[in-house]
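Protein chains in written order, with our numbering: chain E, 1472 to 1608; chain H, 345 to 429.
Rather than coming from a laboratory, the hints here were simulated on the basis of the structure. Quick reminder that beta carbons are idealized off the backbone N, C-alpha and C, glycines included. Hints may contain errors.
Unchecked claim - Facing chain E, according to a computed beta carbon distance under 10 Å, are these residues of chain H, among others:
| no. | residue |
| --- | --- |
| 1 | L369 |
| 2 | E397 |
| 3 | K425 |
Read off the chains here:
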Amino acid sequence: MALTETIPIKFPELDVRMMDKLVQRGMYISRSDLVREAAREKIKNSMQVKTYGDVLVKKMKEEGDFNKIEWITLVNIHINPEFDENSMSKTEKKAVRKLFRDPMGLLKRQDKRLIVTRNGESIVRGYIKALLHSKMV
Amino acid sequence: MHEFTEYDMDVFCKIAKTIVKKGHLTFKALLRFIGSENHKKDLIILKLFVQLELLKKHRADTYELTSKGRLFAIDKCEWFKQRYA
Chain E
1472 MALTETIPIK FPELDVRMMD KLVQRGMYIS RSDLVREAAR EKIKNSMQVK
1522 TYGDVLVKKM KEEGDFNKIE WITLVNIHIN PEFDENSMSK TEKKAVRKLF
1572 RDPMGLLKRQ DKRLIVTRNG ESIVRGYIKA LLHSKMV
Chain H
345 MHEFTEYDMD VFCKIAKTIV KKGHLTFKAL LRFIGSENHK KDLIILKLFV
395 QLELLKKHRA DTYELTSKGR LFAIDKCEWF KQRYA
């Protein structure tokens, strides 16, 4: 098998003109150099996302699921029993009020303490699992 | 706190998997893809998921998972558990 292969590709005229501009500016040695580099980058990006697990985590990152203050606060309440309403910031208090209103009942108050319900625990576990996976992707 | 039956969870997991694989879909398409045998009963369950904010409207008549729905599915559903072990 040959080490290199020549493949003919058709490009719209405008793309070719833009390529030539970049070559003239000295950013690439030739049109081929530019096309090779662009193709490599595309291949790298496409190969990174492999499984449905990776696809979902990528979507969660894009949608900002990991930065949602409700989930961060819920995780904090679950893993840190000392974390009560007195030590919360204004945004965290707002998030707690939102969690109380949740139709699935993620959070409840018991003897002035905040308790994460079973449904809430599921959300916490899901958040941690997805976050760990996102760090590996 | 809302308690889910085993059947509810079964339907939810099938729906979550279908949405992750195929993207946002209409109720009709979701029921077809999960192989629903009782459309009337399952449609009520789907509407319950919307009320519980596990599913949300994407466009006029298509639905997708909410942030909460995604996290819930990752913890509860076997198909997701295998991918996030």
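Given L369 of chain H as an interface hint, is the shortest Cβ-Cβ distance to chain E below 10 Å? violated (15 Å)
Can we keep the E397 of chain H interface hint, with Cβ of chain E closer than 10 Å? Holds, about 6 Å.
Under 10 Å, Cβ to Cβ, is where K425 of chain H needs to be relative to chain E, so tell me if that hint holds or is violated. holds (8 Å)
Going down the numbered hints, you'll see the structure goes against just number 1.
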